[in-house]
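Protein sequence lines correspond, in order, to chains B, U, X, F, E and C.
Take 4 as the starting number for the first sequence in this note's numbering and just add one per residue.
Take 4 as the starting number for the second sequence in this note's numbering and just add one per residue.
Take 4 as the starting number for the third sequence in this note's numbering and just add one per residue.
Take 4 as the starting number for the fourth sequence in this note's numbering and just add one per residue.
Take 4 as the starting number for the fifth sequence in this note's numbering and just add one per residue.
Take 4 as the starting number for the sixth sequence in this note's numbering and just add one per residue.
I should point out that these hints are in silico values taken from the structure, not numbers from a laboratory.
Wrong hints could be hidden among the right ones.
Note that identical chains are pooled: a pair holds if it fits in a single copy or bridges any two copies.
Said to hold, decoys possible - Derived DSS-like pairs: lysine-lysine, alpha-carbon spacing no greater than 27 Å straight-line:
{"no.": "1", "residue 1": "K61", "residue 2": "K114"}
{"no.": "2", "residue 1": "K6", "residue 2": "K137"}
{"no.": "3", "residue 1": "K6", "residue 2": "K114"}
{"no.": "4", "residue 1": "K6", "residue 2": "K161"}
{"no.": "5", "residue 1": "K161", "residue 2": "K137"}
{"no.": "6", "residue 1": "K6", "residue 2": "K164"}
{"no.": "7", "residue 1": "K114", "residue 2": "K155"}
{"no.": "8", "residue 1": "K6", "residue 2": "K155"}
{"no.": "9", "residue 1": "K137", "residue 2": "K155"}
Number of protein chains: 6
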Amino acid sequence: MHKRIAVYPGSFDPVTNGHLDIMIRALRTFDRVIVAVARNSEKSSLFTINERIEMIRKVMAHEERLQVDSFEGLLVDYVISQNAETILRGLRAVSDFEYEFQLAQMNHTVKPQVETLFMITAVPYGYLSSSIVKEVASYRGNIDAFVPPLVKEALEAKFGKHSEDNI
Amino acid sequence: MHKRIAVYPGSFDPVTNGHLDIMIRALRTFDRVIVAVARNSEKSSLFTINERIEMIRKVMAHEERLQVDSFEGLLVDYVISQNAETILRGLRAVSDFEYEFQLAQMNHTVKPQVETLFMITAVPYGYLSSSIVKEVASYRGNIDAFVPPLVKEALEAKFGKHSEDNI
Amino acid sequence: MHKRIAVYPGSFDPVTNGHLDIMIRALRTFDRVIVAVARNSEKSSLFTINERIEMIRKVMAHEERLQVDSFEGLLVDYVISQNAETILRGLRAVSDFEYEFQLAQMNHTVKPQVETLFMITAVPYGYLSSSIVKEVASYRGNIDAFVPPLVKEALEAKFGKHSEDNI
Amino acid sequence: MHKRIAVYPGSFDPVTNGHLDIMIRALRTFDRVIVAVARNSEKSSLFTINERIEMIRKVMAHEERLQVDSFEGLLVDYVISQNAETILRGLRAVSDFEYEFQLAQMNHTVKPQVETLFMITAVPYGYLSSSIVKEVASYRGNIDAFVPPLVKEALEAKFGKHSEDNI
Amino acid sequence: MHKRIAVYPGSFDPVTNGHLDIMIRALRTFDRVIVAVARNSEKSSLFTINERIEMIRKVMAHEERLQVDSFEGLLVDYVISQNAETILRGLRAVSDFEYEFQLAQMNHTVKPQVETLFMITAVPYGYLSSSIVKEVASYRGNIDAFVPPLVKEALEAKFGKHSEDNI
Amino acid sequence: MHKRIAVYPGSFDPVTNGHLDIMIRALRTFDRVIVAVARNSEKSSLFTINERIEMIRKVMAHEERLQVDSFEGLLVDYVISQNAETILRGLRAVSDFEYEFQLAQMNHTVKPQVETLFMITAVPYGYLSSSIVKEVASYRGNIDAFVPPLVKEALEAKFGKHSEDNI
């Protein structure tokens with residue numbers, strides 16, 4: 004019985020409570036979970052790769068079986084290089100589904116030994132996305148329900164603090 | 004490191020090549036896979052529960068880590084009774100997705116410890132369903148590409164043989 | 004400035020927390036809300052029209068501006084007979100949306116003076132439906148999170164009680 | 004250069020203005036159009052196969068290149084028996100699309116020489132369906148905008164006349 | 004009985020007949036409608052905020068209960084600043100629906116007292132969007148059916164006149 | 004009986020096996036097929052218009068009834084200028100469908116005499132797109148299954164060769 008390793012890829016710019024929920028649930032199904040921040044997405048990102056990795060590492064510091072890394076190039080190549088056999092993706096909505104479907108089929112054609120598994124985002128995070136969080140933060144809206152405190156502070160450092168009058 | 008057990012539920016009336024593909028891929032990710040035929044669906048089914056179970060058992064006889072069973076009542080209760088923690092579902096299309104989404108959310112609310120994971124049906128089986136197979140078989144159309152030989156014979160026993168002129 | 008009256012139609016077999024949430028929010032936008040239970044749907048229903056009406060009336064007894072009624076025939080005719088000008092519908096998912104879209108367009112062609120407005124079901128109820136609740140209740144699953152206590156009792160009277168061991 | 008023949012299959016229970024629009028547009032692209040009423044759908048239908056065929060024949064009597072027929076069994080077998088090579092289908096909405104997609108893929112696997120082509124239903128008929136028309140007619144609602152006069156009379160003969168007060 | 008005020012936000016770059024139809028129908032349900040042009044969308048827009056506001060004001064000049072304004076920042080904050088309690092959105096298609104769903108859920112989490120209501124775009128405008136209108140206008144295609152005369156002239160001033168030979 | 008001419012428009016940056024499958028099937032239904040490469044899409048494209056045209060011409064050199072051209076401006080105007088009456092489009096997924104639906108409706112309003120017909124992409128190419136092919140090629144992934152050899156070479160000339168170790 005060998006170790007089950009899942010790679011959970013994404014931009015995580017920044018990580019949200021929805022992403023964290025997937026990570027925690029993934030640890031129940033897999034022996035090890037590698038969160039893989041995509042380097043390709045750096046150009047138009049708010050946070051650098053290192054900032055994004057550090058935020059996830061700090062929030063998930065207590066989970067020994069979770070590892071945070073970055074990757075470049077074809078995801079399936081990275082998965083194989085890590086001796087993993089599973090890509091884990093969160094699904095929120097139908098539009099997600101179609102894109103993920105195409106990607107999973109394409110990856111399956113390129114490397115059939117890599118399997119893609121999907122988890123449906125938990126109810127309270129079904130509408131969350133990093134870009135919506137950034138938009139709300141940029142107008143100094145209240146983001147307490149969407150990201151952990153550490154990420155909230157990082158967003159406030161970029162956009163300015165949410166004033167209490169604004170609640 | 005404990006055993007990873009997944010329950011793959013369905014009507015399987017009858018099992019198709021699409022279902023079998025999911026089972027084979029599931030065995031790569033999980034230590035044990037329990038195919039669970041739903042008793043609730045018996046009323047309007049073509050094959051009895053026992054016929055459906057037997058067909059899957061024969062086709063998958065060589066897979067020692069796969070077990071075929073039937074269940075009644077709430078799926079999450081059955082999953083827990085089997086000491087499993089994962090429900091595995093195949094996704095074909097958007098309409099599938101929405102129903103599965105509702106089911107997964109509902110199951111998650113009732114028993115949060117049970118996780119639902121999804122695999123996307125492989126490209127050649129993306130359009131397959133038991134009901135379309137039954138419809139084609141009922142008109143004695145050629146179903147060689149859709150089901151294993153053993154299931155084909157069972158369908159011919161119900162509907163009559165596919166004549167060669169009909170190819 | 005005349006009174007804004009909305010008709011909220013449905014089968015409500017039985018009413019769920021998702022329906023109740025729409026009713027409460029509707030009362031913030033409209034002066035009066037008429038919950039209209041469709042008589043057409045009686046044949047295959049679990050509860051009679053009167054049982055369904057009574058359950059809603061009891062749960063919403065404190066809301067003076069909400070009225071519970073039943074209707075038969077074309078919804079737009081009923082709406083006009085009540086001097087209302089708005090049909091209110093809850094949307095949960097894309098599949099809902101398409102059916103509702105067709106219905107709204109058809110109603111608009113038949114009676115252009117009647118407007119259909121949609122509310123999106125609140126996050127925690129996005130996966131709820133009367134039929135899923137009935138299915139869980141029929142297996143004596145825990146439905147505390149899905150319906151008010153009064154409806155829970157009515158379901159238990161039909162299907163038997165949820166045993167504590169089953170949690 | 005051989006004749007281009009398209010088969011336009013359906014239940015047509017009854018034919019609507021949406022169906023007629025597809026037929027008229029099909030005649031601009033194909034040399035001959037065969038409207039094929041599905042015999043399989045007779046059981047739960049409002050009109051008999053013969054009534055459905057007759058209604059289409061009368062409304063389209065002036066179109067010499069259009070022929071109305073019925074078929075039983077696999078559509079692709081019927082198409083080949085008519086020396087046609089094209090199945091024509093109207094698309095209204097996303098839910099249509101997914102079912103049609105599965106059907107087209109299945110037909111393509113069974114008989115690759117038969118091609119399925121789709122037309123998008125014209126804007127004013129995008130929400131129309133035979134079943135919605137029957138529902139409105141059953142409540143004696145105004146259906147002038149949805150079906151030709153001849154079909155309206157046939158529906159009134161089944162359900163009773165639409166009273167003018169009801170407009 | 005207090006005044007019902009709805010905010011109808013958008014880019015309106017430029018306003019189309021589809022938007023105008025929503026505005027006119029909104030005035031039947033609400034006591035006052037505030038059309039709110041989003042300042043955020045100015046960068047890549049064809050018309051300036053002021054041009055967009057002026058076009059809507061001129062076309063809707065006869066509607067005293069309709070007011071045209073612009074806003075910046077979080078929509079929910081603007082809605083509250085106007086003593087309104089309702090955001091009104093038009094829905095055209097499923098892709099619209101998913102984005103609107105996410106936005107409505109997010110707004111509901113940030114400010115639960117603000118309700119989002121949806122109207123389905125009327126049949127003849129279901130395929131219209133400002134960007135498609137701009138694309139047709141940029142090739143000097145005929146846009147008479149899509150925008151009011153005043154907007155047509157503004158587009159011709161940007162792209163050149165539609166020549167009659169081109170009809 | 005006049006010639007049936009279909010215009011198959013697209014960016015084809017570059018042409019994939021999915022596009023080629025549609026072309027080959029189109030030649031079975033139409034007397035002549037004009038592949039029309041959109042000039043509008045040149046700015047952000049990988050290959051020039053001429054490179055894209057030449058690749059299609061070489062791969063389809065044996066098909067005398069297929070012609071490759073480019074166009075600028077409104078597609079419907081181009082179609083009419085070619086004495087064609089049909090636009091042919093391939094559909095892969097629901098997201099495709101919605102955009103295509105809007106485009107077809109818009110074109111139908113501008114020039115009702117031009118008909119849009121859709122073919123569903125064959126099963127093995129349902130997940131293919133030029134942009135996914137370019138992404139895989141940019142990481143030197145194996146693209147043998149997605150494009151003809153000639154296009155593969157052109158992509159390798161841009162991005163470098165796929166190393167055998169990388170399979």
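Going down the list of hints, with the structure as the test:
no. : hint          : in the structure
1   : K61 <-> K114  : neither (33 Å within a copy, 29 Å between copies)
2   : K6 <-> K137   : neither (37 Å within a copy, 34 Å between copies)
3   : K6 <-> K114   : both (20 Å within a copy, 26 Å between copies)
4   : K6 <-> K161   : neither (40 Å within a copy, 40 Å between copies)
5   : K161 <-> K137 : within (10 Å within a copy, 34 Å between copies)
6   : K6 <-> K164   : neither (44 Å within a copy, 34 Å between copies)
7   : K114 <-> K155 : between (38 Å within a copy, 18 Å between copies)
8   : K6 <-> K155   : neither (35 Å within a copy, 38 Å between copies)
9   : K137 <-> K155 : within (10 Å within a copy, 36 Å between copies)
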